[in-house]
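Enquirer: Using the sequences and the hints, build the whole thing.
For the protein sequence lines, the chains are W and H, in the order given.
Okay, so the first sequence: first residue is 1 according to this note's numbering, each after it adds one.
Okay, so the second sequence: first residue is 1 according to this note's numbering, each after it adds one.
Please note: incorrect hints may appear among the correct ones.
Listed next, the in silico BS3-like pairs over lysine-lysine satisfying Cα-Cα at most 25 angstroms (straight line) [claimed, not checked]:
1. H:K249 to W:K299
2. W:K296 to H:K249
3. H:K60 to H:K202
4. H:K226 to H:K238
5. H:K62 to H:K42
6. W:K89 to H:K202
Cβ pair distances, simulated, as ranges [said to hold, decoys possible]:
7. H:A279 to W:F64: 50 to 56 angstroms
8. H:S55 to W:G59: 35 to 41 angstroms
9. H:W6 to W:I68: 55 to 61 angstroms
10. W:S184 to H:W6: 35 to 41 angstroms
By construction, these hints were calculated from the structure, which means they are not laboratory data.
None of these values were measured; they are calculated from a predicted model.
All C-beta atoms, glycine included, are put in the ideal place defined by N, C-alpha and C.
Spelled out, the chains give:
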Amino acid sequence: MVLLLQYTIIFASVLMLVALGGCFSEHSGIINLGLEGIMVIGALGGALAMNLLPAGTSGFVMVFVTAIAAVVFGVLYSCLLGVAAIRFKADQTLIGTAMNMLATAAATVFVSAYNASKNPDNTSSTLQYISQKNAFIVRIGGFEFNWFMLLAVILLAVSWFVLYRTRFGLRLQACGENPQAADSVGINVYKMRWSGVLISGALGGLGGIVYILAGVSEWKFEVGVAGFGFLALAVMIFGQWKPTKIALAALLFGFFRALSNVYTGFSFLAGLGIPSTVYNMMPYIISLIILAFTSKNSKAPKAEGIPYDKGMR
Amino acid sequence: MKESFWKKPAVQTLISSLICIAAGLFVGFIILSIINPSGSFKAITTILGNFLTRSSGPAKLKAFGNTLAKTAPLLMCALSVCFCYKVGLFNIGAAGQYEAGACAALFCAIGLKLPWFVCLIAAACAGAVLGALSGFLKAYRNVNEVISGIMLNWITLYTANTILSNPSVKDPASPYTQGLASANPKGLLPTLGMEGLFANNKYVTLAIPLAVLIAVAIWVVLEKTKFGYELRATGFNKEASRYAGMKEKQNIIVTLAIGGALAAVGAAFLFLSGYQQWATTQTSVPGMGFNGIAATFLGGLSPIGTIFSSYFIQSITDGGALINRSLYPAEISDLISAVIIYLCGFVLFFKTVMNARIAKSEEKKAKKAEGGNA
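Expert: Here it is as structure tokens:
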């Protein structure tokens, strides 16, 4: 039971962080389908930081540097979306898809080369962080508390505050609803959209590193993040682009994702004889069903996905 | 005045695609050089040359045949994405429809011992149902087809693994499905004697000419029929097409069903040639559907252009497997394909620049001509 709670919270943290990232980007008017790729690159940055820090590093420094590395990698990678979608008005769906493919391929190539440079016989795309992982975890009874859970809650509060209580957040939302009107009152739409994309890069990158720290202590970069970026987008849609609702949606999705990790521990679930593949499919099936029933009255920002052109009215 | 050669849309599309390829290869070359500068030139020529780098004539022909055998399914996936994109739908679910096709084809061929054409039809139906589901969710429930497509990719992957793990299909000694040639030779696609042209490569089947014919058929349907015109009109402006009396919801579902059938038949083309077995333990969505997206955009969103771009993408993917693996990872080809797709997003910009250049030079000419007259 404790294990289920632990996995639910950690997966919910990942989904919430990434969904909040998507939320900032979409409120500014850019659909970020590249979140999956941003997660991979953020995870790569974090995993590299853990690998490169010397063995005796203190826990606080380890957590701090890893988080910063993930954020920086995520932000830099999200520039690919910014340049294409804002500066060159490219098709946002196409660019997002390309970013997802590029991230997995680039991370695989990079990690393989990195491993081979240390040991010529090792050309795998796996990075290990067994001992480093301990810095992130505090054991409370049987519950493994991860510092990133706390960070996720803090960032949720900050996101809510920024979006609804600051001038910046309200201006950001204006750019996603009616960029022409926003421009007419002197808001720089391009700058706002860049901010939205870069914030989504930071949160997406952070989500990536939390994901590969959830339950495992090594990551094979060939597999990417198994559609988690898209699950986060489903969380965002179900959460109607509002931080508080996104948090609740993330808990629900996190619960179903956690079930597939721990169902064998529950005698009544294991006794049902449902094959493991059904549990693997569960988060995707649930999200599809939920979307089918909630997308009808979508609260999506009205101008999302449409490149902003100053000359168009 | 005769329209300038450089102004033709087809020419501009071709130039844009070549720019994307050149830039993609350049990025690949830079990365290879960073990993290990001494072998990078040889590696990039291997990726580009693919089968030409094999030692003997027959080996070259055989490798060429293998690349063609894998181009056919890729072309089908690309046609699926291309067809849907013309109707304004981004069919990222092609990968899932591909899985459904593989599952249906292999189950019919190995489990039920049916002949190949029945397996092909079964695959097409499975893909069409999956595509129609995405279409229904889009048309009636307002679910973005990209998100539903991704979810269905994963759901279908695990479903296919479960169905193909059935003892009547799976090889008891390995995680793979049984070899088709021994389990049910009737299920193999006919080679029409083409294997003789490719040094007895029995994977060169009917699939290859059929895929090209389907590409031409898709072009005809889209460009020359009322049905295709309606679909494109729906994609261009949903509201306008509704006011013109077209059933836009039905069109969305039909489009994705056709797209689904195309991708699924692609999978049948690969698995019914016996080239590959399905691994029932795989935990990642096969890359064929995503490479289809690359081929679609590189082919300038034209079914005919897609034939050539599919071959190119498959050829560099196969070439990537031939590079010195102790020096470089094979995924470098995936990286090059991904860079190419990313750059395809800039095609509109390339064309704008080209047109601006042409306009400028024409203006100059016009001025000169004026000056001459005065």
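Enquirer: Next, verify each hint and record whether it holds.
Expert: Going down the list of hints, with the structure as the test:
Taken as a hint, the K249 (chain H) and K299 (chain W) pair is honoured in the structure, with Cα atoms around 21 angstroms apart against an allowance of 25 angstroms. For the hint pairing K296 (chain W) with K249 (chain H), the CA-to-CA distance comes to about 14 angstroms; that is within 25 angstroms, so the pair holds. A C-alpha spacing of about 15 angstroms is found between K60 (chain H) and K202 (chain H), which places the hinted pair at or below 25 angstroms, so the restraint holds. As the CA atoms of K226 (chain H) and K238 (chain H) are separated by approximately 17 angstroms, the hinted pair is consistent with the 25 angstroms bound.
Using a Cα cut-off of 25 angstroms, the hinted pair K62 (chain H) and K42 (chain H) holds, with the two alpha carbons roughly 22 angstroms apart. For the hint pairing K89 (chain W) with K202 (chain H), the CA-to-CA distance comes to about 47 angstroms; that exceeds 25 angstroms, so the pair is violated. Distance hint check for A279 (chain H) and F64 (chain W): the Cβ-Cβ separation is about 41 angstroms, which falls outside the suggested range of 50 to 56 angstroms. A C-beta distance of roughly 56 angstroms is found between S55 (chain H) and G59 (chain W), which places it outside the suggested range of 35 to 41 angstroms.
Separation of W6 (chain H) from I68 (chain W) is about 49 angstroms and departs from the stated range, judged on CB atoms against 55 to 61 angstroms. Taking the beta carbon of each, S184 (chain W) and W6 (chain H) are about 39 angstroms apart, inside 35 to 41 angstroms as hinted.
When the structure is compared with the earlier hints, violations turn up for hints 6, 7, 8 and 9 and for no others.
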